[in-house]
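S.K.: Those sequence lines, one after another, are chains L and S.
When we follow the working numbering, the leftmost residue of the first sequence carries the number 1, and every step to the right adds one.
When we follow the working numbering, the leftmost residue of the second sequence carries the number 1, and every step to the right adds one.
Since the hints were derived computationally from the structure, they do not count as laboratory data.
Computed from a predicted model, the values in this text were never measured in an experiment.
Check before you lean on any hint, since a few could be wrong.
Derived Cβ-Cβ restraints for the label pairs, each shown as a range [unchecked claim]:
no.	chain 1	residue 1	chain 2	residue 2	range
1	L	103	S	212	37 to 45 Å
2	S	280	L	183	45 to 53 Å
3	L	258	S	22	54 to 62 Å
4	L	319	S	221	41 to 49 Å
5	S	86	L	53	54 to 62 Å
6	S	221	L	63	30 to 38 Å
7	L	120	S	20	52 to 60 Å
8	S	86	L	63	42 to 50 Å
9	L	259	S	159	36 to 44 Å
10	L	308	S	43	18 to 26 Å
11	L	71	S	176	47 to 55 Å
Part of the chain L face toward chain S, derived, beta carbon under 10 Å [said to hold, decoys possible]:
no.	residue
12	41
13	43
14	45
15	46
16	50
17	109
18	246
19	262
20	274
21	281
22	285
Backbone N, C-alpha and C define an ideal beta-carbon position, used for all residues, glycine too.
Each chain is listed here by its residues.
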Amino acid sequence: MRVIKLNKQNLIPFLELISKEKELWGPVKKGDKYAFEVIDDFNKLQLYTTRTILPPKKIFIPPTFNMFNVTPKGYQNDFSHVKKRIIFGVHPCDIHGLLILDKLFGQKYPDPYYLEARKQTIILGLSCWPDEHCFAKSTNTHIVEEGFDLFFTDLETYFLVWVGSSIGDDLIKLNPKLFDENLTFKDIQNFIDWQIERNKAYKLEINFIGMPDLMELRYHDPIWEKIGGACLSCGSCSMVCPTCNCFNVVDKNFLGKETSKRFRSWDSCTLPEYSEIAGGENFRKNRSDRLKLWYIHKLQAFVSKYGKPACVGCGRCLVTCPVDINVVTVSRALQGEDVDAFWNKMSKEVTNESRK
Amino acid sequence: MSQENSLDKDLNPFFPEQARIVRTYYLTKDVKFFQVRFVDMEKALSFKYLPGQFCMISVLNTGEAPFSISSTPSRPGMLEFCIRRAGLVTNALFGLKENSIIGIRGPYGNGFPIQKMKDKDLIIVAGGLGIAPLRSVLLYSLDNREQFGNIYFLYGAKRPAEMIFREDFLLLKERDDLECLLTVDEDDTGTWTEHIGVVTTLFNYLKNVEPSKTYALVCGPPVMYKFVIQELLKFNIPKHQILMTLERRMKCGIGKCGHCAIGYIYTCIDGPVFSYWDVIHMRELI
């Protein structure tokens, strides 16, 4: 891979240059958190961020968007959510999240609503520094080798820029003078030192090895009832998860008109109506069954299909779930640990029976 | 820059093709028959499917839902569905008259393994609306009678008026190349001449079942499976030759929306036909 250097003060000029023809998205501050937004003011762009509230999937498949305009004459494709975009500041874990969505949406019947948006979007990755909720090293998603057009590794005064695609190469050609082609031995050493230090900075670790077997062997274990008893079925874990792809489809018509739209919205398997069929029969009435499906999908099913878990260690479920149900606590509970989680603190009066 | 309509509809697997309701009538008080044909002549004639597969049907300005195909691919050109009024989409469908336009996409799902079933005996067991997907395989096997061994068709309904395709099936009794056994839980008419009792009572009439060369195909209300499977196991029919077709909530039919996921499989792609072994193996299926 071609690797070049960019002086830090040249970053904004470079981003300004490339954002002239395409919509540039990047992380901005939102309260005490961060979010990907369209950058209209470069002063707002944040370079040193932890995870954004929502992963970049929201840019490719918006929380709700229209699939078809419907008239008495039939259905008309609506791909208006697809735009030429550049996303700057995508961390390695989120790039891995997109690579996982590529698999889910690309298999068998490719989903054009996701894939078209993906084709039109340029990804500019950015290195990050873990906080106490990051465990991307455990999922081996703290580094990336593919899935970006350019990747910026932050070495304090300058970036190492990894050129991941010919589109990325074209962007550099817009003004090659901003970049330095000559990597010195010192630069390489800086990078290696940075990598060692960063690896050490990952304090949170979980062992995913054996998880598929544990999920299988503890399928009927009462631990699921216990965890399910605490779950609020709010669906937040799915909204913030970079690999959750489920959606609902609803037609909405407009009063007094013979036209409608077919909307597609994010959905979550933890919501009660998710598995309900016509006539009211529900295959997962119990919240522990729904929660189990969420974890089976990520830590067992995906592994058997693709050889790795559908978790990228971003830590969003850790900071989002109001009752401590997340990949780390659930995995550790399955591994037999007495975890410090809400479900272990709940009073006995709040039994699973009363919380179905 | 908007990409509106830039994509060919053929590349969009979510795109509902226009189809016309050619015939529709009530089969029972809450189940209606729909015979439909794609508006596009070429599509109508080239549409290929297997018994046991399903389609996503759209009603303009209302929504979309999955339905098993009740017609047989051995009679091409038309698609048939037996639909119970149960929710938003079916309510709207029931309001549509002949000649109305609906949207259809598919076929989806694995369907019955017709190739493996060749030269085998078939025991087809349907309960209530479970006939919807099984009518396809029943008609297919009768249209290709020489390709199968003995055919037993066991069908149970609550009352005579709720037996879907009652007249058609009573006529089947006159054929000597299949055993057609019909039963109702209760006869409120006093004129029912066939069996009375739940569908499992019909198993007493099966003679000389050769388990290794028999495929059993089951579809009915959830409560029925357990009892029917018990009967089939008594005949020593191998677990992987007991096939059932299942119902799940679906929003895409193509393995994307996640609603029909069970463990590591999607009912829409890996099913909806599963063997009894799959059911034991994967849990949650029934």
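S.K.: Between the beta carbons of residue 86/S and residue 53/L, is the distance compatible with 54 to 62 Å?
M.R.: 39 Å, violated
S.K.: At the C-beta level, are residue 319/L and residue 221/S separated by a distance inside 41 to 49 Å?
M.R.: 45 Å, holds
S.K.: Answer holds if the nearest beta-carbon of chain S is closer than 10 Å to that of residue 41/L; otherwise answer violated.
M.R.: Because about 22 Å separates residue 41/L from the closest Cβ in chain S, which is outside the 10 Å limit, the hint is violated.
S.K.: Tell me if the interface restraint on residue 50/L is satisfied: Cβ within less than 10 Å of some Cβ in chain S.
M.R.: 28 Å, violated
S.K.: Quick check: does the Cβ-Cβ distance between residue 120/L and residue 20/S fall within 52 to 60 Å?
M.R.: 37 Å, violated
S.K.: Taking 10 Å as the limit, does the beta-carbon of residue 281/L come near enough to a beta-carbon in chain S?
M.R.: 7 Å, holds
S.K.: Has the hinted range 54 to 62 Å been met by the Cβ atoms of residue 258/L and residue 22/S?
M.R.: 23 Å, violated
S.K.: Between residue 259/L and residue 159/S, does the C-beta distance stay in 36 to 44 Å?
M.R.: Cβ of residue 259/L to Cβ of residue 159/S: about 43 Å, so the range 36 to 44 Å holds.
S.K.: How does the Cβ-Cβ distance of residue 308/L and residue 43/S compare with 18 to 26 Å: does it lie in that range?
M.R.: Since the Cβ atoms of residue 308/L and residue 43/S sit about 40 Å apart, the hinted range of 18 to 26 Å is violated.
S.K.: Report holds or violated for the interface hint on residue 246/L, using the least CB-CB distance to chain S and a cut-off of 10 Å.
M.R.: 3 Å, holds
S.K.: Between residue 86/S and residue 63/L, does the beta-carbon spacing fit 42 to 50 Å?
M.R.: 29 Å, violated
S.K.: Quick check on a hinted range of 45 to 53 Å for residue 280/S and residue 183/L, using CB atoms only.
M.R.: 59 Å, violated
In terms of the numbered hints stated before, the structure departs from hints 2, 3, 5, 7, 8, 10, 12, 13, 14, 15, 16, 22, listed from lowest to highest.
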